[in-house]
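There are 4 protein chains.
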Amino acid sequence: MDYFNAPGRNHLFVPGPVNIPDQIIRAMNRNNEDYRSPAIPAMTKTLLEDVKKIFKTTTGTPFLIPTTGTGAWESALTNTLSPGDRIVSFLIGQFSLLWIDQQQRLKFNVDVVESEWGHGAKLDVLESKIASDTSHTIKAICIVHNETATGVTNDLAKVRQILDSYQHPALLIVDGVSSICALDFRMDEWGVDVAITGSQKALSLPTGIGIVVAGPKAIEASKHAKSLRVFFDWKDYLKFYQLGTYWPYTPSIHLLYGLRAALDLIFEEGLENVIARHSRLGKATRLAVEAWGLKNCTQKEEWYSDTVTAVLVPAYIDSTEIVRRAWKRNNLSLGLGLNKVAGKVFRIGHLGHLNELQLLGCLAGVEMILKDVGYPVKLGSGVAAASAYLQNTIPMIPSRI
Amino acid sequence: MDYFNAPGRNHLFVPGPVNIPDQIIRAMNRNNEDYRSPAIPAMTKTLLEDVKKIFKTTTGTPFLIPTTGTGAWESALTNTLSPGDRIVSFLIGQFSLLWIDQQQRLKFNVDVVESEWGHGAKLDVLESKIASDTSHTIKAICIVHNETATGVTNDLAKVRQILDSYQHPALLIVDGVSSICALDFRMDEWGVDVAITGSQKALSLPTGIGIVVAGPKAIEASKHAKSLRVFFDWKDYLKFYQLGTYWPYTPSIHLLYGLRAALDLIFEEGLENVIARHSRLGKATRLAVEAWGLKNCTQKEEWYSDTVTAVLVPAYIDSTEIVRRAWKRNNLSLGLGLNKVAGKVFRIGHLGHLNELQLLGCLAGVEMILKDVGYPVKLGSGVAAASAYLQNTIPMIPSRI
Amino acid sequence: MDYFNAPGRNHLFVPGPVNIPDQIIRAMNRNNEDYRSPAIPAMTKTLLEDVKKIFKTTTGTPFLIPTTGTGAWESALTNTLSPGDRIVSFLIGQFSLLWIDQQQRLKFNVDVVESEWGHGAKLDVLESKIASDTSHTIKAICIVHNETATGVTNDLAKVRQILDSYQHPALLIVDGVSSICALDFRMDEWGVDVAITGSQKALSLPTGIGIVVAGPKAIEASKHAKSLRVFFDWKDYLKFYQLGTYWPYTPSIHLLYGLRAALDLIFEEGLENVIARHSRLGKATRLAVEAWGLKNCTQKEEWYSDTVTAVLVPAYIDSTEIVRRAWKRNNLSLGLGLNKVAGKVFRIGHLGHLNELQLLGCLAGVEMILKDVGYPVKLGSGVAAASAYLQNTIPMIPSRI
Amino acid sequence: MDYFNAPGRNHLFVPGPVNIPDQIIRAMNRNNEDYRSPAIPAMTKTLLEDVKKIFKTTTGTPFLIPTTGTGAWESALTNTLSPGDRIVSFLIGQFSLLWIDQQQRLKFNVDVVESEWGHGAKLDVLESKIASDTSHTIKAICIVHNETATGVTNDLAKVRQILDSYQHPALLIVDGVSSICALDFRMDEWGVDVAITGSQKALSLPTGIGIVVAGPKAIEASKHAKSLRVFFDWKDYLKFYQLGTYWPYTPSIHLLYGLRAALDLIFEEGLENVIARHSRLGKATRLAVEAWGLKNCTQKEEWYSDTVTAVLVPAYIDSTEIVRRAWKRNNLSLGLGLNKVAGKVFRIGHLGHLNELQLLGCLAGVEMILKDVGYPVKLGSGVAAASAYLQNTIPMIPSRI
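Protein chains in written order, with the UniProt record's numbering: chain A, 1 to 401; chain B, 1 to 401; chain C, 1 to 401; chain D, 1 to 401.
Some hints here could point you the wrong way.
Calculated pairs, EDC-like style, for lysine to aspartate or glutamate (alpha carbon to alpha carbon, straight line, at most 16 Å) [stated by the list, open to error]: (1) K56/B x E189/B; (2) K239/B x D101/A; (3) K235/C x D164/D; (4) K129/B x E116/B; (5) K328/C x E33/D; (6) K217/D x D164/D; (7) K52/D x E189/D; (8) K328/B x E269/C; (9) K235/D x E269/C; (10) K295/B x D264/B; (11) K328/A x E33/B; (12) K328/B x D101/A; (13) K53/A x E268/A; (14) K328/A x E269/D; (15) K300/B x D164/B; (16) K239/D x D101/C.
Worth flagging that the hints you see were computed from the coordinates, not collected in a lab.
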């Protein structure tokens with residue numbers, strides 16, 4: 001296992017799993033406990049209440065399922081839909097692709113709206129489908145808020161507006177895996193019916209909790225949905241919520257304590273400050289990419305993602321080699337290009353509990369690797385562009401003034 | 001959160017989640033890592049190989065699914081069976097009951113063989129069903145190796161013998177959640193087709209990995225099973241095993257490192273020594289119960305469980321009050337009686353990384369609580385009986401001689 | 001290093017270093033920090049204030065020296081005394097012996113008052129010395145509050161009373177290493193001029209902080225004491241206290257955070273409750289020893305220690321073998337007999353963050369080992385005696401009612 | 001305590017205490033143990049052997065004293081010298097100043113050779129003193145290998161050569177606190193008689209072990225030295241080394257396990273590789289300073305330190321403000337200018353378990369802060385200079401190829 005050791009810290013800049021703050025590592029450093037003691041339900045109650053705040057919902061019901069984002073997807077779908085139900089789903093990158101694959105294997109009737117990778121969801125196509133669906137055959141719209149493979153953020157407010165303008169009752173099911181707690185996300189205001197995220201993303205925990213929040217329409221739908229499910233069934237959770245013991249089966253004690261610490265950190269910094277921090281780090285990263293003379297995989301500014309930047313490399317460079325060397329040479333973990341963009345992009349994740357100097361160290365590393373693989377980058381150029389921007393926007397750390 | 005503090009250690013004697021050894025807590029005390037770096041697949045490979053050893057299989061294929069035992073059940077069923085398939089399932093306590101509930105909700109045709117709680121599975125009934133099923137309508141036998149609610153261990157070798165004597169091709173699907181790595185379990189020898197366990201049981205980890213091992217017949221069946229599944233689908237795992245990257249979606253880095261440490265500890269002590277230790281602690285617990293003048297919920301010696309003992313209390317005592325006081329007064333976590341035996345039994349879990357003095361401390365605590373709720377126990381009697389037995393059977397700790 | 005692993009927990013019952021509560025282990029699980037940042041002085045200020053509370057002093061000045069108890073002794077002596085100064089010191093066991101050895105090597109003129117081991121300090125001899133010392137040649141009285149080698153607690157109130165009744169100005173210097181925070185200790189009320197303890201004792205931290213609290217008379221004496229010292233010199237601390245940066249040289253960040261957690265735990269439980277808990281556990285241990293038919297090394301009840309019990313074994317048994325087997329066979333750490341009582345006593349430490357069931361587990365282990373070495377103990381007898389007493393005295397854990 | 005939280009990691013670039021690698025944090029994450037069990041001496045034996053390797057001595061005797069560097073100084077002096085002994089000592093910065101203060105307070109006759117701060121020790125003055133000291137009144141030469149306050153490394157080989165060329169028997173006592181394990185240090189080859197370091201420096205542990213290694217001449221001197229000492233007395237250690245129990249008083253179990261992990265990491269990377277890494281990081285830092293148009297406090301290249309760089313700022317800037325803002329604004333911990341250079345320099349520590357990208361992140365932060373306080377730095381310039389150098393010198397991480 002000596003494999004893993006290298007001097008100094010690993011620079012973890014994949015778009016998840018992300019760096020875990022020391023406070024969370026400490027909170028999880030413990031023995032197991034009996035989850036049927038009075039202590040665990042007491043803590044669970046606070047977690048459920050506080051999770052709603054980060055989804056910006058007062059009417060939603062949260063489920064903390066011992067699973068991953070893939071399981072959270074499945075929980076969102078099987079609890080609200082029945083096999084054969086028509087859904088509109090947007091294919092814009094590898095993660096929306098995988099979700100669509102899941103939708104199809106679960107036997108929904110998926111109406112796929114495809115974009116070129118690097119583009120956002122085609123909302124004009126959605127509008128025409130909704131406009132023409134006067135008989136309401138479309139049961140749900142499935143959309144990723146932020147496509148992690150290409151660094152594209154979709155406009156959810158616009159989706160809601162389309163549905164509303166046609167008074168279409170389709171459920172709006174949102175994958176917020178790489179957005180919630182990092183990008184501006186407003187479950188109630190945007191009328192999102194089911195939203196999901198994973199613990200290893202902006203919450204900065206280990207993998208292991210799939211967080212699903214269901215709005216009232218989704219809860220209602222779950223009473224009639226015919227998809228088979230047991231492990232992912234909300235019904236069992238709701239029963240134990242009623243009993244006040246909260247858990248239909250064994251939760252991870254460690255992740256509950258970790259989530260408690262994660263939420264405390266977010267509230268301490270302030271959710272809006274957290275989002276603003278991601279916005280600054282995202283912008284700084286894009287300025288560095290520009291300074292290097294490289295292109296963002298994301299094709300329009302309106303889609304720029306503040307949690308991950310996918311960087312296009314020239315045809316004579318294999319982006320896989322960049323990722324490989326970064327890890328081997330500089331203990332820097334970057335994201336690979338996936339599927340259609342394999343070899344063409346590498347990704348810099350900038351979400352979670354990160355600060356300016358961590359990002360600048362990463363950018364300095366990327367510069368060295370770019371040069372190393374033969375790209376004529378001017379060393380320091382990206383760092384200069386990013387820090388010039390950050391220079392003027394970093395607030396003093398509030399608690400330290 | 002001050003709720004949780006009490007002087008000294010919590011004495012965790014529920015039958016899961018169990019005590020986590022310090023070595024494992026240390027191994028999990030870390031940041032996230034990129035699971036696509038070369039390091040994680042290298043470690044995963046060793047985990048998959050070593051997990052097979054604790055199931056005693058050379059032909060099985062292990063899946064380390066980010067889920068709980070409930071999810072592992074679902075994975076075992078949906079990958080091998082199709083809705084409508086007839087299965088024989090034994091109802092002998094709360095956990096077999098929940099599994100049967102799952103089987104029914106997944107639309108299998110469940111032939112339930114019920115025993116009184118405290119009794120083992122009725123294998124004579126199985127034999128007659130198998131004998132008469134000459135057309136092989138029974139597709140699977142589902143059985144818990146150890147029913148955690150009543151402390152009953154079933155005879156799996158006997159099940160295999162019945163199937164073999166009629167050359168019946170039904171799959172043998174075994175819940176080994178509270179047995180594997182603590183009781184004698186032999187996947188290959190007993191012809192178990194799918195066996196499952198959970199990380200928070202004898203492996204002494206946090207909750208979060210559902211371990212499923214599928215034998216060749218089960219893998220073959222998975223190619224034809226029509227139950228819908230995505231998150232739990234073995235196919236995706238097998239595809240990534242082939243690629244050498246191992247993970248179709250994000251695993252918990254922490255649990256992988258923890259599992260590595262857990263396996264190392266088991267191999268260091270020796271799997272047979274681990275099993276023998278559980279046997280000694282189980283026997284010592286039963287001797288204490290006998291010395292207290294109480295009855296074991298398990299009705300025959302052949303079914304006695306070495307991982308959990310369910311203790312019947314006299315009618316004038318509410319066993320729930322025993323569990324409540326143990327926690328409040330002595331920081332001792334015992335298991336509640338569940339469902340049909342609620343109020344009638346309390347449970348002492350004695351599985352995982354435990355030693356003699358921990359058990360004796362627990363027994364001393366139970367004695368005080370029993371007296372406290374009005375049962376005329378002679379203080380010290382159970383400890384005396386248990387320690388007299390342990391006195392003659394505890395080996396010196398091998399590595400320390 | 002595989003040497004150390006054995007199944008289950010180590011049962012740590014030496015009288016220091018003691019078990020560290022999980023809360024403290026967590027608090028220390030961190031990176032280094034710059035001790036010149038504003039954060040560390042802010043925390044240090046709270047520590048100094050709160051340490052005074054556990055010494056029950058409002059007028060004392062605490063020093064948190066990066067050293068052990070031996071260093072704390074040296075700091076107490078060299079800051080207040082000059083070579084050649086006459087001091088009265090009581091030899092009642094191994095730790096008072098070591099302190100006297102230090103006093104002599106530091107060239108004080110030590111007037112040793114020796115007791116048989118197992119007896120308390122001869123305060124009548126002190127009285128006659130004080131009575132006859134009308135010219136005040138005696139500059140200090142050095143006394144251990146609790147002699148860890150024999151389990152003897154001295155009566156400090158009586159010492160003060162003797163000094164006061166003759167209006168003798170000698171400094172009263174107290175080793176409270178195995179008493180403070182576990183036994184009743186009242187610095188101001190008893191007119192203690194210098195009191196010391198170590199972090200690895202009742203505070204339940206790792207070794208590494210020698211805590212010295214100096215009263216006003218001692219601080220005054222430090223201005224004139226001619227013993228050479230630099231590392232242990234209070235003057236440097238006082239200078240940095242004045243500056244508000246607190247540390248003349250680098251402290252252990254980890255132990256500061258650990259001490260913060262330790263103090264929080266003590267205040268949460270309540271210092272008087274902590275002392276009462278030690279009293280109960282001490283009494284329970286002595287009842288077990290009596291039930292085994294063994295003698296306490298401590299010869300009179302008035303000297304019984306509530307933090308450590310030294311147990312005399314019959315002449316045909318080597319107590320060293322008991323300690324050796326306890327560790328090898330049961331992962332139980334007991335204290336050896338030291339020097340004059342080597343081979344004759346073994347020691348059970350019962351101080352720090354311990355509870356009833358931990359102690360009962362230890363007692364059950366001692367019973368097995370006693371039998372193992374040929375002593376005709378009745379198994380369960382000590383546990384029965386101890387638990388009968390504890391049964392009636394254990395309060396419900398307050399925060400859990 | 002909310003004071004301490006800020007998003008992302010603290011960037012710890014003070015020249016000690018330094019960043020603790022995760023492997024060491026994990027190793028220390030544990031309960032106390034009985035240091036008189038067979039396990040701790042077994043581990044201690046390996047530590048003492050391995051510590052000699054990092055001092056490059058086969059003939060030295062190491063002492064792992066529970067203290068800080070200040071205490072290690074005192075141990076080195078009091079064990080080898082008697083009050084009144086003449087020593088030659090070099091004053092070149094704050095830490096040599098503090099050591100000289102200690103030497104004077106311990107009543108040695110200190111012959112101070114002062115240099116301007118930023119200059120190395122005046123070895124020509126030493127030579128003339130040695131040359132004229134034909135009666136060998138000089139008992140010891142005390143010199144810091146690396147002055148942490150000014151970033152000046154002295155030439156120890158030259159000191160040895162001077163002593164040898166006059167066959168002068170004075171002891172050579174070296175403070176290697178910020179050098180050993182980071183800079184080239186050769187105890188035997190350079191004839192160093194006593195060398196010391198502290199755990200919180202290049203070993204990357206918490207504060208708490210003062211490591212003193214004494215050569216044969218020093219051990220011999222300790223038998224005759226008349227300075228009073230007990231806590232720091234080597235004699236007590238040597239007695240317990242003989243007994244095989246190793247510890248005259250309680251060590252920190254945590255730091256022993258931590259030291260084991262620290263040594264393992266150093267040997268895994270290779271001591272020469274560790275030193276080469278420090279050399280690269282030191283050079284890169286100096287190139288950045290040059291690119292910023294700032295001066296190194298160290299006045300000649302031959303004295304440049306590879307563990308800390310003291311940077312002079314223009315007169316119109318207060319370097320204290322740089323350090324203050326770095327911490328408040330960027331969670332970056334830099335070293336203050338001390339005493340004579342207070343307000344004039346800030347220090348970048350680059351020792352311990354650090355890598356290239358961590359340093360580049362720090363440099364990017366310094367650039368922003370410099371601009372922030374009004375210095376006309378070109379953002380990115382230092383990073384560019386440093387990374388251009390590192391680009392050509394970073395080896396692939398050996399274990400990863």
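A quick look at each hint next to the structure:
no., hint, result
1, K56/B x E189/B, "8 Å, holds"
2, K239/B x D101/A, "15 Å, holds"
3, K235/C x D164/D, "40 Å, violated"
4, K129/B x E116/B, "19 Å, violated"
5, K328/C x E33/D, "14 Å, holds"
6, K217/D x D164/D, "15 Å, holds"
7, K52/D x E189/D, "13 Å, holds"
8, K328/B x E269/C, "14 Å, holds"
9, K235/D x E269/C, "43 Å, violated"
10, K295/B x D264/B, "37 Å, violated"
11, K328/A x E33/B, "14 Å, holds"
12, K328/B x D101/A, "50 Å, violated"
13, K53/A x E268/A, "13 Å, holds"
14, K328/A x E269/D, "14 Å, holds"
15, K300/B x D164/B, "26 Å, violated"
16, K239/D x D101/C, "15 Å, holds"
In this structure, the hints that do not hold are numbers 3, 4, 9, 10, 12 and 15, in rising order.
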